[in-house]
Structure formats: structure tokens, C-alpha cells
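Spelled out from the first residue to the last, the chains are:
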Amino acid sequence: MKVLSWAVVALVLLWALLPGLFAGQDPLNGVPADKLQPPSVAHWFGTDAVGRDLFARVVHGSVHSLSGAAVAVGVGLVAGTLLGLLAGSAGGVLDAAVMRFADVLLAVPGLLLALVVIILLGPGTVNVAIAVGVGSIAAFARVTRAEVVKTRRSDYVEAAFGSGGGFASVLWRHILPNSFGPVIALAALQFGVAILAISTLGFLGYGAEPPTPEWGLLISEGRNYLATSWWLTTLPGLVVVAVVLAAGRLAKEIR
Amino acid sequence: MRARYLAGRTGQAALVLWAAFTVAYLLLQALPGDSILIKFQNPELGLSPEQIAEIRRFYDAGGYLHTLLGFLRGDFGYSVETGTPVIERLAEGLPETAKLAGPAFLLALVLAVVIAFSARGFLRALPPLFVSVPVFWLGIVLIQVFSFQLKLVPVIGGTPAQQLLLPVVTLAIPIAAPIAQVLGRSIDQTLRQPFIQVVAAKGASRRWILHRHVARNALLPTLTIAGLTFGELIAGSVVTETVFGRNGIGRLTEQSVNAQDTPVLLAIVVLATCVFVLVNLVVDLLYPVLDPRLA
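Protein chains in written order, with my numbering: chain Z, 5 to 259; chain P, 196 to 490.
Just so you know, the hints here were simulated from the structure itself, not pulled from any lab data.
Mixed in with the good hints there might be a few duds.
From the structure, some residues in chain P lie toward chain Z, with a derived Cβ separation under 8 Å [to be verified]: (1) LEU223; (2) VAL305; (3) VAL308; (4) SER327; (5) PHE331; (6) TRP332; (7) GLY440.
Rough simulated footprint, nothing fancy, chain Z against chain P, three-plus residues with beta-carbon under 8 Å [to be verified]: (8) 281–291; (9) 460–469.
Heads up, the beta-carbon is just placed ideally off N, CA and C, and yes, glycines get one too.
Working from the sequences, and respecting the hints, build out all of it.
Below, the structure is given as C-alpha cells:
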């Protein structure tokens with residue numbers, strides 16, 4: 005299972021980096037004569053209503069999902085870690101204020117929070133990624149704070165302060181590196197969660213514009229051919245499930 | 196002690212709610228009346244800038260404090276899209292969403308209990324899979340399999356119960372996963388406790404042990420996670436209602452985002468947060484009742 009998870013993640017990463025290597029066909033311009041063909045040797049995932057190869061679209065779409073998830077995790081990681089670091093190292097009123105703010109973010113259902121951010125920033129791939137990232141700030145802040153509070157009480161941090169280290173330099177050189185393990189595990193977990201959330205928002209129509217082959221949008225477009233062409237919705241969805249499962253599995257390994 | 200606990204937790208919940216309202220208000224009012232411009236700046240309407248400014252004053256009525264007091268009284272302002280009071284639009288959607296979310300939550304609990312109590316095997320592998328499935332895709336696949344391939348559930352028409360069947364299953368599955376995981380873990384933990392061996396040595400059957408000893412110990416963590424899944428229940432409703440074309444709060448959410456109808460979205464966010472906070476407050480207040488050691 006572990007090997008399989010790594011293989012899935014590696015394969016999708018390669019899809020995102022070198023899509024032409026895996027799918028020779030054009031993801032945007034189809035051959036109308038070949039429309040709505042079921043999966044075959046020539047078209048592994050079949051073709052859509054304008055004769056585009058679905059496998060090529062899924063492969064070329066991976067870059068949108070992966071980069072979106074990377075931006076989302078980046079937003080959550082940077083903002084959340086900074087807030088957690090601040091709360092955990094400063095303590096007192098600041099700590100309480102930051103953590104209550106995190107409570108508030110956690111109390112608003114994630115999708116609604118993302119929609120509020122989308123209404124504010126407008127739709128689009130980057131904005132959707134930011135919206136999803138905002139939803140994970142609280143989780144990152146909580147984990148970082150818990151680790152920082154633990155690390156701060158350890159002897160070597162006391163020693164570093166005792167030997168004349170300034171607040172900022174001890175924070176940067178000792179507390180942050182030693183608090184980072186669980187945060188990285190959370191980042192791996194959030195990566196899968198972000199792919200799910202981004203595909204959901206793409207499905208609702210707030211992400212990429214057609215004909216971009218974003219995974220959620222692909223499934224949404226396939227809905228119109230539900231009765232006749234099962235592959236248009238089923239196969240891209242299975243790819244999403246495989247990637248999210250693999251990311252979750254790897255997050256467990258890291259932890 | 197108990198009165199203080201009650202007051203403390205209730206006060207905290209009220210504070211979180213107020214802060215959530217404030218954050219949502221600030222975010223949604225940060226784009227000043229774009230939705231009003233979109234709707235009323237249409238040249239065909241022939242409105243002068245002064246008239247538009249007046250319309251904006253009508254919708255924006257009085258700023259933060261006025262809106263906050265309105266929410267406390269149950270007055271959520273007016274929808275920019277339809278001009279009707281937000282509360283009317285919510286009242287149309289709420290029963291539909293309750294019809295979906297209520298049975299879905301119950302089904303999720305049943306699923307979770309079945310998965311967690313099935314000693315081992317493939318059922319235990321289900322929760323990680325369940326949380327990795329996009330809700331919208333699950334709904335589509337269920338329509339495909341049960342409506343189009345097996346023709347068990349009619350696509351159009353059908354009794355209300357038939358129409359509800361697939362959406363309820365769609366929504367229940369991602370909710371069941373975390374509950375099953377937490378319940379399963381705490382069952383395993385309790386089964387490893389020394390007192391279970393003592394009870395077993397006294398001749399108790401596995402069934403008796405699970406009923407009388409394990410289930411009671413697993414109740415608290417399960418209740419906690421069940422409360423926390425309410426956020427997912429609300430988010431899942433948005434997606435499920437969109438996939439199945441049901442007119443509930445979820446559909447209203449989608450419409451309000453598309454139309455930039457900020458008063459409606461603000462009310463929905465506050466309402467959803469309110470439900471989430473209240474459910475978790477009740478769970479917290481139940482702790483000392485269920486476990487006397489915490490009182």
C-alpha cells in the first residue's frame with residue numbers, strides 16, 4: 005500500500021510536469037468524428053462530446069489540481085505557522101487572542117468560508133486555491149502552537165536563552181526547526197484535503213474556465229452525458245479518489 | 196462548579212458566534228454593494244446615480260451595529276437578488292435541507308456503528324476511502340448506477356422518499372467516516388484495558404462486553420466527533436443539493452454566491468456557524484451528565 009501510494013503521487017507529479025510524455029493527444033482540440041467513444045486502446049478514458057481524448061484531459065488537468073493544492077497548503081502553512089509560532093512563543097493575551105481567532109475560523113464550515121473568500125476575491129483558479137488555504141489556517145496554527153509550547157519548555161531552549169540568544173534568533177534556530185515535524189505531516193494531509201476541496205469548487209463552477217481540463221470541471225461537464233457516457237464522470241473521479249487516498253496514506257507514514 | 200461550567204461554556208459559545216458574525220460581516224461588506232451595482236446599474240432601468248445611492252442605503256441600512264442588532268432580533272435584511280426579506284428565502288430552504296440532513300446524519304451514525312463494531316476486515320478499511328471521495332462525484336456515480344444502469348430509482352418524478360434516497364446516502368457517507376474512525380479506535384482502546392479481561396474471565400460474552408462496557412466508554416469521543424461533523428454536514432448539503440437539484444439552503448448558498456447576494460450569504464454563514472456552535476455546546480454540556488467523573 006505504501007509503495008502504491010508513492011507510485012500514485014509520483015505518477016501524478018510527472019503528469020503535471022511532463023504531460024506530453026504520458027498523453028500524446030491534444031487536450032483542448034478534439035476530433036469531432038471521434039466524439040463520445042467509450043474507453044478503448046486508442047482512448048484509454050474514452051472521448052468527450054467534442055471528440056477530445058479524456059485521458060489527455062485528465063493528464064493535462066493534473067497541473068491545475070496539484071498547483072492549486074500547493075498554493076492552498078502554502079497559504080495555510082505560512083499563515084498558520086506564523087500565527088501558531090506567535091501564539092506559542094508570546095503566550096499571554098496574544099496567545100489567547102490568536103487561538104480564539106482560530107476557534108472562530110474552525111466554527112465556520114469550511115466550504116462556506118471558502119465561498120465567502122471567493123465572493124470577496126472573485127472566481128478563478130488562484131482565488132479558489134487561496135480560499136481553500138484560508139480554511140486550513142486554523143488547523144496549522146493549532147498544531148504549530150502546541151508544538152512550540154512543548155519545545156519552548158525544553159532544556160536546550162532554556163540553555164539557548166541562557167547563553168545570550170535573542171528572542172528572534174532562538175525562535176528561528178531552535179524552536180521552529182524542532183516544532184516542524186507534525187506540521188509537515190499536517191501539510192501532507194491537507195494536500196489531499198485541498199485537492200478534494202478545489203475539485204468541489206471547480207465542480208460548482210468557481211474555479212478554472214472551460215475548456216481548461218480542471219478535474220472538478222471535467223466531472224461537471226460530464227454530467228450532461230450521464231445516461232450515455234458513464235466514463236466522462238466516473239474515470240476522472242476515480243483519479244481524484246486515488247490521488248487523495250494516496251496523499252492521506254503518505255501523511256500517515258510521515259507522522 | 197456546574198453552574199460555572201455552564202455559564203463559562205455558554206459565554207464562550209456566544210463570543211465565538213459574535214466573532215464569526217463580525218469576521219463574515221467585515222469580509223462580505225468589504226466589497227461595497229457590488230451586487231447592487233450589478234443589478235441596478237443596467238442602463239435599461241434608467242436609474243440615476245442618486246437613486247442607486249438611495250437603493251444602496253436601503254440595503255446597507257445602518258452599518259455594523261444595526262445589522263448585528265437585526266440578526267439578534269431575527270431580522271436578516273433584504274436579499275439583493277429578489278428584494279424579499281432574507282428570512283423568507285431561508286424559511287423556504289430550511290425545511291428542505293432539514294429533510295435531507297436529518298436522515299443523512301442518522302444514516303451516518305448507523306453506518307459508523309456498523310463499521311466500527313464489525314470486529315475487523317474490509318469494513319474497517321472503508322473510512323479512509325470514504326473521506327477521499329468527492330461528495331459531488333459520489334452523488335453522480337450513485338445516480339448513474341442506481342438510476343441509469345439499474346433503473347431502481349427514477350431520475351425524474353418518483354415519490355418524495357425515492358427522491359430523497361440517493362441524496363441522503365451521498366451526504367451520509369462522508370459524515371460516517373470520521374465517526375466510524377473515532378468509534379472504532381476507542382472500541383479497540385477499551386478492549387485492551389485490563390478490566391475487560393477481568394469481565395471476560397468472569398464469563399461475560401463478547402456481546403455483553405461490547406454492550407455493557409465498551410459502548411459506554413466509547414460514547415464520549417464519539418459524541419464529540421459527531422458534533423464536529425456538523426460543519427461537514429452543512430458543506431455537504433450545499434454540494435448534494437446542487438448535484439440532485441434540490442431547493443434547500445445549499446442551493447440558496449450557491450445562488451447567492453453566483454449573484455453576489457451578500458446579505459443572503461452573510462445570513463447563511465451565521466446560521467451555519469450558529470448550528471455548529473450550538474450543537475458542540477450541547478455536546479460539551481452533556482459531558483458531565485454522561486460521565487460523572489467530569490462533573
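Per the coverage rule (Cβ-Cβ under 8 Å, at least three residues), is the stretch 460–469 of chain P covered by chain Z? With 5 residues closer than 8 Å to chain Z, the stretch 460–469 of chain P meets the three-residue bar; holds.
Are there three or more residues in the stretch 281–291 of chain P whose C-beta lies within less than 8 Å of some C-beta in chain Z? With 0 residues in contact (Cβ-Cβ under 8 Å with chain Z), the coverage given for the stretch 281–291 of chain P is violated.
Per the CB criterion, is TRP332/P less than 8 Å away from chain Z? Status holds, d = 4 Å.
Verify the interface restraint on VAL308/P: the C-beta must sit less than 8 Å from at least one C-beta of chain Z. violated (23 Å)
Just to be careful: measuring from the Cβ of SER327/P to every Cβ in chain Z, is the smallest value less than 8 Å? OK, holds: SER327/P within 8 Å of chain Z, min 4 Å.
Restraint check, 8 Å cut-off on beta carbons, for LEU223/P near chain Z: holds (6 Å)
Hint check, GLY440/P versus chain Z [nearest Cβ-Cβ separation less than 8 Å]: violated (11 Å)
Would you check whether PHE331/P satisfies its interface hint, that is, whether its CB is within less than 8 Å of any CB in chain Z? Interface hint status for PHE331/P: holds (5 Å vs cutoff 8 Å).
Chain Z contact restraint on VAL305/P - CB to CB distance below 8 Å: This hint is violated: VAL305/P lies away from chain Z, its Cβ roughly 23 Å from the closest one there, beyond 8 Å.
The structure does not agree with the numbered hints 2, 3, 7 and 8 stated previously, though it agrees with the rest.
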